[in-house]
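Student: Sequence:
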Amino acid sequence: MVITSPVGPVLLLDDVHNGELALSALFITSGEEPPPIETADGQVRAGLLQKFDHSAVWRVRFSLPADRTSDYGWNGERFTVAGDLTGNLRLAYVSCNGEEVGDMGREGSERNAMWARLREAHRRQPFALMLHGGDQVYADEVTDGHDLSHDWPNNIPGNPSSSALADLRRHLRERFLERYAALYAAPEMAWLAARVPSLMQWDDHDICDGWGSLHRSRTNSAVGRALFSAARESFLIFQHAATPEDLPGRFADRSGAHLGWTVRAPRLRIVAPDLRSERTRSDVMGAGGWAMMEAEARRATQGHTMFMSSVPLLGPRMSLLELMLMAIPRMQKYEDDLRDQWQSRSHRDEWRRMLRLVRDMARRDGHGLTAISGEIHLATRATMDLGDDLLLHQLVASGIAHRAPPKAWARFLGALAWLGEDPLTGHPIRIKPLPGQRSRYTAERNYLLLERRSDIWKATWDLEFSGLTDPLAL
Numbered sequence: 001m002v003i004t005s006p007v008g009p010v011l012l013l014d015d016v017h018n019g020e021l022a023l024s025a026l027f028i029t030s031g032e033e034p035p036p037i038e039t040a041d042g043q044v045r046a047g048l049l050q051k052f053d054h055s056a057v058w059r060v061r062f063s064l065p066a067d068r069t070s071d072y073g074w075n076g077e078r079f080t081v082a083g084d085l086t087g088n089l090r091l092a093y094v095s096c097n098g099e100e101v102g103d104m105g106r107e108g109s110e111r112n113a114m115w116a117r118l119r120e121a122h123r124r125q126p127f128a129l130m131l132h133g134g135d136q137v138y139a140d141e142v143t144d145g146h147d148l149s150h151d152w153p154n155n156i157p158g159n160p161s162s163s164a165l166a167d168l169r170r171h172l173r174e175r176f177l178e179r180y181a182a183l184y185a186a187p188e189m190a191w192l193a194a195r196v197p198s199l200m201q202w203d204d205h206d207i208c209d210g211w212g213s214l215h216r217s218r219t220n221s222a223v224g225r226a227l228f229s230a231a232r233e234s235f236l237i238f239q240h241a242a243t244p245e246d247l248p249g250r251f252a253d254r255s256g257a258h259l260g261w262t263v264r265a266p267r268l269r270i271v272a273p274d275l276r277s278e279r280t281r282s283d284v285m286g287a288g289g290w291a292m293m294e295a296e297a298r299r300a301t302q303g304h305t306m307f308m309s310s311v312p313l314l315g316p317r318m319s320l321l322e323l324m325l326m327a328i329p330r331m332q333k334y335e336d337d338l339r340d341q342w343q344s345r346s347h348r349d350e351w352r353r354m355l356r357l358v359r360d361m362a363r364r365d366g367h368g369l370t371a372i373s374g375e376i377h378l379a380t381r382a383t384m385d386l387g388d389d390l391l392l393h394q395l396v397a398s399g400i401a402h403r404a405p406p407k408a409w410a411r412f413l414g415a416l417a418w419l420g421e422d423p424l425t426g427h428p429i430r431i432k433p434l435p436g437q438r439s440r441y442t443a444e445r446n447y448l449l450l451e452r453r454s455d456i457w458k459a460t461w462d463l464e465f466s467g468l469t470d471p472l473a474l
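The numbers in the sequence shown follow full-length UniProt numbering, run straight up by one, and end at 474.
You may find that some hints are simply not true.
Stated by the list, open to error - Listed next, with one range per pair, are the computed distances between beta-carbon atoms:
id, residue 1, residue 2, range
1, E20, A166, 37 to 45 Å
2, R356, S163, 21 to 29 Å
3, A182, G420, 40 to 48 Å
4, R170, R356, 39 to 47 Å
As the list claims (entries may be wrong) - Below 16 Å or equal to it, Euclidean Cα-Cα: the simulated EDC-like pairs (lysine to aspartate or glutamate) are:
id, residue 1, residue 2
5, K51, D283
6, K51, E32
7, K51, E174
8, K458, E444
9, K432, D470
10, K407, E444
11, K51, E33
12, K407, E464
13, K432, D385
14, K51, E178
Hints are computed from structural coordinates only; laboratory data are not their basis.
The C-beta atom is built at its ideal place from N, Cα and C for all residues, glycine as well.
Please construct the entire structure, taking both the sequences and the accompanying hints into account.
Tutor: Shown next, in the form of structure tokens:
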């Protein structure tokens with residue numbers, strides 16, 4: 001891919017420490033070094049992060065205050081960053097920024113209509129951080145156009161040569177670059193990305209549809225390993241401005257075997273486990289991911305935890321739907337979509353384990369916890385009764401660019417949710433409508449606003465056609 005004009009800056013939050021936001025600014029150019037970042041402390045030049053066939057990715061690491069609004073300069077322009085994490089603040093949450101088929105060919109103003117809305121919301125009242133809950137890029141078509149992968153995952157070459165695999169890796173890297181560059185160049189997102197530091201968590205479409213829930217003969221094949229390797233490299237470069245050798249300090253595993261991370265700010269913790277790197281058809285997370293979550297559960301934390309689960313933590317009895325679909329041969333192609341969910345019959349024990357962890361975290365004195373998720377292309381919410389008049393809230397906002405499924409699907413899921421769910425005895429889960437909505441699931445594109453005022457958190461959804469919901473107290 002040839003970059004005709006620089007893409008960036010894209011601000012990414014490396015960490016919060018010593019009262020400062022440790023930031024990375026990402027740039028994609030045709031090869032030339034971008035101009036330096038200018039702060040109150042002086043100029044910081046870009047370092048080369050990765051080279052591609054006809055372009056290069058650059059990173060500038062710098063710091064801004066975490067207790068007040070500040071700004072930085074680049075290429076003759078000033079960018080204001082509302083970086084105060086100490087008092088009242090607003091966070092934006094988005095997910096599912098694309099579609100499986102034809103996303104690169106969509107008309108920009110239609111595709112990015114909700115990004116434009118989010119941009120205007122920031123102009124009215126700025127966000128301190130932007131949380132991205134998965135499927136930031138839809139990479140399902142990156143395998144097209146190469147002999148080894150064009151029919152992925154249906155037909156996998158048995159024993160490809162090393163030269164053919166090397167050519168496949170080059171092909172995949174360039175296709176990932178093409179998609180990320182197009183996303184970050186879109187004017188609606190670009191304006192926000194230059195002013196609001198982002199924190200990102202991946203899901204299956206950042207790799208391919210159903211990664212980890214596909215059969216191991218696919219994911220463990222030479223082509224599957226090449227695809228995952230290219231997706232992981234691209235995820236780190238474009239969503240974290242990092243390489244495996246220099247992960248930001250918020251990552252739990254310095255080796256990068258799993259890519260879960262935690263950010264700690266005054267009276268706010270954001271925890272994002274990695275639900276893809278270690279995923280198999282029987283396991284959502286591996287030993288590294290569980291070690292991270294066990295450590296966070298033991299950690300005494302004041303304030304509030306935003307727990308990012310790329311697939312909804314609280315949901316209806318998807319295991320019933322899974323059994324029904326598996327009994328119908330032509331519907332078995334949807335097996336990987338259902339196996340992706342915590343509620344899958346394959347993950348029941350793991351789901352209970354995670355629910356116990358977050359239950360114990362949420363019940364700790366002086367601390368609250370809210371689960372936030374995307375993935376399902378609908379907006380909804382749920383609660384789990386924790387006892388003693390406490391509720392665990394699950395907020396689902398999906399997707400910001402992916403068009404909503406038919407309303408009939410939302411109604412079907414709502415009917416399924418009517419049955420209720422009780423994976424932990426004494427802690428029933430209930431799916432509930434958004435404030436002001438009648439149905440449990442809302443089939444409109446959407447994003448989520450999270451606001452803290454005087455240490456009280458509220459959530460508001462912006463729905464494409466219905467507009468802003470009333471605030472929900474958390």
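Student: Give a verdict on every hint.
Tutor: The hints, checked one at a time:
1. One distance hint, 37 to 45 Å for the beta-carbon pair E20 and A166, holds here, with the actual separation near 42 Å.
2. R356 and S163 have their C-beta atoms about 50 Å apart, which leaves the hinted 21 to 29 Å range violated.
3. Between A182 and G420 the Cβ separation comes to about 43 Å, which falls inside the hinted range of 40 to 48 Å.
4. Between R170 and R356 the beta carbons are some 45 Å apart, a value that agrees with the proposed interval 39 to 47 Å.
5. A C-alpha spacing of about 35 Å is found between K51 and D283, which places the hinted pair above 16 Å, so the restraint is violated.
6. Distance check on the hinted pair: K51 and E32 sit about 11 Å apart at the alpha-carbon level, within 16 Å; holds.
7. The suggested pairing of K51 with E174 holds, with an alpha-carbon distance near 10 Å, which does not exceed 16 Å.
8. Between K458 and E444 the CA atoms are separated by roughly 21 Å; this puts the pair beyond 16 Å, and the hint is violated.
9. Our distance criterion of 16 Å between C-alpha atoms is met by K432 and D470, whose separation comes to about 14 Å.
10. With a CA separation close to 9 Å, the supplied pair K407 and E444 stays within the 16 Å bound.
11. For a cut-off of 16 Å, the pair hint linking K51 to E33 stands: about 12 Å separates their Cα positions.
12. Distance restraint check for K407 and E464: the Cα-Cα separation of roughly 14 Å lies within the 16 Å cut-off, and the hinted pair is therefore satisfied.
13. Taking the CA atoms of K432 and D385, the gap is near 13 Å; set against the 16 Å cutoff, the hint holds.
14. Annotation: proposed proximity of K51 to E178 holds, straight-line Cα distance about 13 Å (limit 16 Å).
Comparing the model with each earlier hint shows violations of hints 2, 5, 8; every other hint is respected.
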